[in-house]
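So the protein lines, in turn, are chains X and L.
As numbered in numbering that gives the first Met the number 0, residues 0 to 568 make up the first sequence, in order.
As numbered in numbering that gives the first Met the number 0, residues 0 to 201 make up the second sequence, in order.
The set of hints was computed from the structure by calculation and includes no laboratory data.
Keep in mind it's a predicted model, so treat the numbers as computed, not measured.
Where a beta carbon is used, it is the ideal one built from N, C-alpha and C, also for glycine.
One or more hints might be untrue.
Said to hold, decoys possible - Here's a subset of chain L near chain X, in silico, CB distances under 10 Å, partners left out:
hint, residue
1, Glu166
2, Leu182
3, Ala197
What the hints assert, rightly or not - Computed footprint of chain L on chain X, listed as stretches where at least three residues anywhere in the stretch have a Cβ under 8 Å from a Cβ of chain L:
hint, segment
4, 360-370
5, 404-415
Said to hold, decoys possible - Between beta-carbon pairs, the in silico distance windows are:
hint, chain 1, residue 1, chain 2, residue 2, range
6, X, Ala565, L, Leu182, 58 to 68 Å
7, L, Glu162, X, Ser106, 43 to 53 Å
8, L, Asp96, X, Glu287, 31 to 41 Å
9, X, Asn380, L, Pro84, 38 to 48 Å
10, X, Arg402, L, Arg189, 16 to 26 Å
11, L, Leu182, X, Gly405, 46 to 56 Å
12, L, Ser95, X, Gly47, 39 to 49 Å
13, L, Ala34, X, Asp163, 54 to 64 Å
14, L, Gln187, X, Gly136, 54 to 64 Å
15, L, Leu182, X, Asp132, 54 to 64 Å
16, X, Phe487, L, Pro186, 25 to 35 Å
17, L, Pro137, X, Thr107, 32 to 42 Å
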Amino acid sequence: MMTQPAETPHFDAIVVGSGITGGWAAKQLTEAGLTVLMLDRGRKIEHGDDYDTELKAPWDMPFRGIGDTERYERDYPVQMLNRHFTEFTQDHFVNDRENPYQNAPDSTFTWFRSYQLGGRSLTWGRQCYRWSDYDFGANRRDGHGTDWPIRYADLAPWYAKAEDFVGVSGAAEGMAQLPDGHFLPAMELNVVEQSVRAKIAARWPERRLTIGRTANLTEARPEQGRTHCQYRNICARGCSFGAYFSTQSGTLPAAVKTGRLTVITDAQVEKVDYDPATKRVTGVRWVETGTGARKAATSRIVFLNAGAFNSVHLLLNSASEAMPNGLANGSGVLGTHIMDHANTLSAAALMPGFEDHTSFGNRPTGIVIPRFRNLDKLDGNGFTRGYSFQGGALQSGWTRGKREAGIGESFKHELRAPGAWRMVLVVFAESTPRPTNRLTLSRSKTDRFGIPQLEIAFAHGAEEHAALADAKAEAAAMLTAAGGQVLFGMDQPGPGGTAIHEMGGARMGLDPATSVLNKWSQAHQIANLFVTDGAQMSSSASQNPSLTYMALTMRACDYAVAQIKAGAI
Amino acid sequence: MSTWDRRSFLAGAGLLAAAFGLPSAAWALDGLPDAEAPTDRQRALLREVCQLVIPATDTLGAGDVGAGDFVILALAHGLGGTRAPVDADFAPFRRSDGSVRHLAWLEATLDRQAGGDFAKAPQRAQVLATLDAAAFPPGPPPVAHSPWVAIKGLILTGYYTSEVGGEKELVYAPVPGRWDPDLPLTPQTRAISNDWTAVDFG
Numbered sequence: 000m001m002t003q004p005a006e007t008p009h010f011d012a013i014v015v016g017s018g019i020t021g022g023w024a025a026k027q028l029t030e031a032g033l034t035v036l037m038l039d040r041g042r043k044i045e046h047g048d049d050y051d052t053e054l055k056a057p058w059d060m061p062f063r064g065i066g067d068t069e070r071y072e073r074d075y076p077v078q079m080l081n082r083h084f085t086e087f088t089q090d091h092f093v094n095d096r097e098n099p100y101q102n103a104p105d106s107t108f109t110w111f112r113s114y115q116l117g118g119r120s121l122t123w124g125r126q127c128y129r130w131s132d133y134d135f136g137a138n139r140r141d142g143h144g145t146d147w148p149i150r151y152a153d154l155a156p157w158y159a160k161a162e163d164f165v166g167v168s169g170a171a172e173g174m175a176q177l178p179d180g181h182f183l184p185a186m187e188l189n190v191v192e193q194s195v196r197a198k199i200a201a202r203w204p205e206r207r208l209t210i211g212r213t214a215n216l217t218e219a220r221p222e223q224g225r226t227h228c229q230y231r232n233i234c235a236r237g238c239s240f241g242a243y244f245s246t247q248s249g250t251l252p253a254a255v256k257t258g259r260l261t262v263i264t265d266a267q268v269e270k271v272d273y274d275p276a277t278k279r280v281t282g283v284r285w286v287e288t289g290t291g292a293r294k295a296a297t298s299r300i301v302f303l304n305a306g307a308f309n310s311v312h313l314l315l316n317s318a319s320e321a322m323p324n325g326l327a328n329g330s331g332v333l334g335t336h337i338m339d340h341a342n343t344l345s346a347a348a349l350m351p352g353f354e355d356h357t358s359f360g361n362r363p364t365g366i367v368i369p370r371f372r373n374l375d376k377l378d379g380n381g382f383t384r385g386y387s388f389q390g391g392a393l394q395s396g397w398t399r400g401k402r403e404a405g406i407g408e409s410f411k412h413e414l415r416a417p418g419a420w421r422m423v424l425v426v427f428a429e430s431t432p433r434p435t436n437r438l439t440l441s442r443s444k445t446d447r448f449g450i451p452q453l454e455i456a457f458a459h460g461a462e463e464h465a466a467l468a469d470a471k472a473e474a475a476a477m478l479t480a481a482g483g484q485v486l487f488g489m490d491q492p493g494p495g496g497t498a499i500h501e502m503g504g505a506r507m508g509l510d511p512a513t514s515v516l517n518k519w520s521q522a523h524q525i526a527n528l529f530v531t532d533g534a535q536m537s538s539s540a541s542q543n544p545s546l547t548y549m550a551l552t553m554r555a556c557d558y559a560v561a562q563i564k565a566g567a568i
Numbered sequence: 000m001s002t003w004d005r006r007s008f009l010a011g012a013g014l015l016a017a018a019f020g021l022p023s024a025a026w027a028l029d030g031l032p033d034a035e036a037p038t039d040r041q042r043a044l045l046r047e048v049c050q051l052v053i054p055a056t057d058t059l060g061a062g063d064v065g066a067g068d069f070v071i072l073a074l075a076h077g078l079g080g081t082r083a084p085v086d087a088d089f090a091p092f093r094r095s096d097g098s099v100r101h102l103a104w105l106e107a108t109l110d111r112q113a114g115g116d117f118a119k120a121p122q123r124a125q126v127l128a129t130l131d132a133a134a135f136p137p138g139p140p141p142v143a144h145s146p147w148v149a150i151k152g153l154i155l156t157g158y159y160t161s162e163v164g165g166e167k168e169l170v171y172a173p174v175p176g177r178w179d180p181d182l183p184l185t186p187q188t189r190a191i192s193n194d195w196t197a198v199d200f201g
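So that you can see chain X by itself, here it is in the shape it has in the complex (with noise of 0.2 Å):
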């Protein structure tokens, strides 16, 4: 069970924030002896208790596990755009009504949120990969945005530390733009995918088709409560088996275990104090959701891993006398530079030849296609950063006679067996930092607490338009040669959020001046105030970017932690 606060409320460390990276934080902090306040806005979710879809059938839900979709119109606008929310899901997704966020004028930005206990680990994507040096050298190449001041060699370690925590499956395929890590056990391609990878090799021979790389566990984690993967495919509704890596499965029960956790939920965290005689951060003040009532603790040290919009927004709105411009920004870029990929469908093509093979289970990842452009030679049309691509070849079941003619006993027959494979790629292109993309306070609308809403300016530049250009002609001649019929593809990227990779903000540099943290994600002017969430990242690579949150995280608190024992801070 988790603890119950203290009269007195003082902590080691706060943080703010459960998701993936608060999760890592709390564990890492309280198994180095901290004693550690963690605050999430949303409500409890106790592991497998509270995952109340989990095991219910399409005929058990009132709307058929669609939802309904005039709710979702009136309470999730926004939410209600994710392709994995579902009346199953729609629990673990916030309310946007309840919730609401300001798009700057000619901006729109779909902004996917999950305000619970574990926030967003319970509902992502669950890709993980590691970033290469072609990633952190990328600013200093082009000259967008401002040097990393790490590069891969600081974060290898901490990448692997993660991974045997988290367990991921994957393919080694010694590829410098996309590094190996501990994998455990890859998931198999399928038939159609297993052709496709050959007759790409065979055509381009620099050009790799391998499996995600999932945080899905192959092989049971015993030690951690976890079972293997029961290929469901249903993760985002919780997954009692703990066969996904989310908060609640893999770094709350640590963090518990220490006896040095205290957890509050329904929390709003609004202002970071900060006492500018120390030039210290003192401790949070929050919102009870419930009731309205204004709470606050100290603490020795702040963590902000409230997600990147929201760790932003909470800097924002700690402006004080001292800190007229936020919290932590004397040099101005606090709220600047935020990205998302370019994301949209490349192509999809049919492909003939299978008509005798299937496939059972449901893989909870899909396949990808690692970045070729730029690496070591500038080939990109108009684009200097990378692309990459995910997607799969799946077989069509019933939902395909949707879209044809047919009625009767042979159209019921023939609804009856799997149908056409087709293949997909969804490209992921690099989202270039702009100081022009930012977030600001809204300076009229508030919640219902008053505190102002944030307002997300957010446009894809020329970069992204040439890469995704790019990308859908080239998705198209990898399926060509690998015997396909391509039936569409886009080149134009949804609008921002679309990805759900949204960061920047806060970004890392080595500079004070021109950037908000060092390199141990800590805070230049503040000391003892770390943001080791999506607001710390400087560019965006072209991979899914959780496991490097979590790698910064545990190597920030590794650093939090030898400073405090040093009494540096």
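Since chain X is already given, all that's left is putting chain L on it; use the hints.
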């Protein structure tokens, strides 16, 4: 749960379903606002249409399993994009928000094409097949969809997400437990109704 035992897991799942049984679509229809509540004739008509789309074979048909009532519920709540405004000339069946009253449209259209009461027309299967074929012409999908496209989609959803459609007609494998990447597909192979990848992208 730290260890995996299929038998106890499924037994637990069954108990949970029995204990927290949710209202059927038919029951939920009682709560519909008057403007969305079907007439008895419309409800009977939709049942018949469902049965014509997915008839009884060695398993029950879509009308038998109540897919019609699901369609009515779904239409009242805007599933399948059915509350989106349309430009086409469906004036007699348009709501004030510009969306089409699909059920009223279907009733009038089938009666008209049957030259009388559709439900009593001996050629009603042919009438429906003609309507269906016109809604799904060969080649790229038409820009302006027939309302039938959404209705048919909801009928299929109502059937294949029912216990009969999902578990008897197709295979429902809630806990596959394994991943077999390459199996032979034979004439006896039935699709997995809960292949979420195919449901999502299918």
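Results of checking the hints against the structure:
1. Checking Glu166 (chain L) against chain X by beta carbon gives a least distance of about 8 Å; that is within 10 Å, so the hint holds.
2. Interface restraint check for Leu182 (chain L): the shortest CB-CB distance to chain X comes to about 5 Å, inside 10 Å, so the restraint holds.
3. Interface restraint check: Ala197 (chain L) against chain X, minimum CB-CB distance 3 Å, threshold 10 Å, status holds.
4. Interface restraint, the segment 360-370 of chain X with chain L: holds (3 residues with C-beta to C-beta distance below 8 Å; minimum three).
5. Counting residues of the segment 404-415 of chain X whose beta carbon lies closer than 8 Å to any beta carbon of chain L gives 10, which reaches the threshold of three, so the coverage claim holds.
6. Restraint check, Ala565 (chain X) to Leu182 (chain L): a C-beta distance of roughly 59 Å satisfies the suggested window 58 to 68 Å.
7. Under the hint 43 to 53 Å, the C-beta atoms of Glu162 (chain L) and Ser106 (chain X), about 46 Å apart, fit the expected range.
8. The hint said 31 to 41 Å for the Cβ distance between Asp96 (chain L) and Glu287 (chain X), and at roughly 39 Å that hint holds.
9. For Asn380 (chain X) and Pro84 (chain L), the hinted distance range of 38 to 48 Å is satisfied, since their beta carbons lie about 40 Å from each other.
10. Range check, Arg402 (chain X) to Arg189 (chain L): Cβ separation about 20 Å, and the 16 to 26 Å hint holds.
11. The hint said 46 to 56 Å for the Cβ distance between Leu182 (chain L) and Gly405 (chain X), and at roughly 26 Å that hint is violated.
12. Separated by about 47 Å at the C-beta atoms, Ser95 (chain L) and Gly47 (chain X) satisfy the suggested range of 39 to 49 Å.
13. One distance hint, 54 to 64 Å for the beta-carbon pair Ala34 (chain L) and Asp163 (chain X), holds here, with the actual separation near 59 Å.
14. Between Gln187 (chain L) and Gly136 (chain X) the C-beta distance comes to about 56 Å, which sits within the given range of 54 to 64 Å.
15. At about 42 Å, the beta-carbon gap between Leu182 (chain L) and Asp132 (chain X) misses the expected band of 54 to 64 Å.
16. Between Phe487 (chain X) and Pro186 (chain L) the beta carbons are some 31 Å apart, a value that agrees with the proposed interval 25 to 35 Å.
17. At roughly 36 Å, the beta carbons of Pro137 (chain L) and Thr107 (chain X) sit within the given window of 32 to 42 Å.
Of the numbered hints stated above, those contradicted by the structure are hints 11, 15, listed in ascending order.
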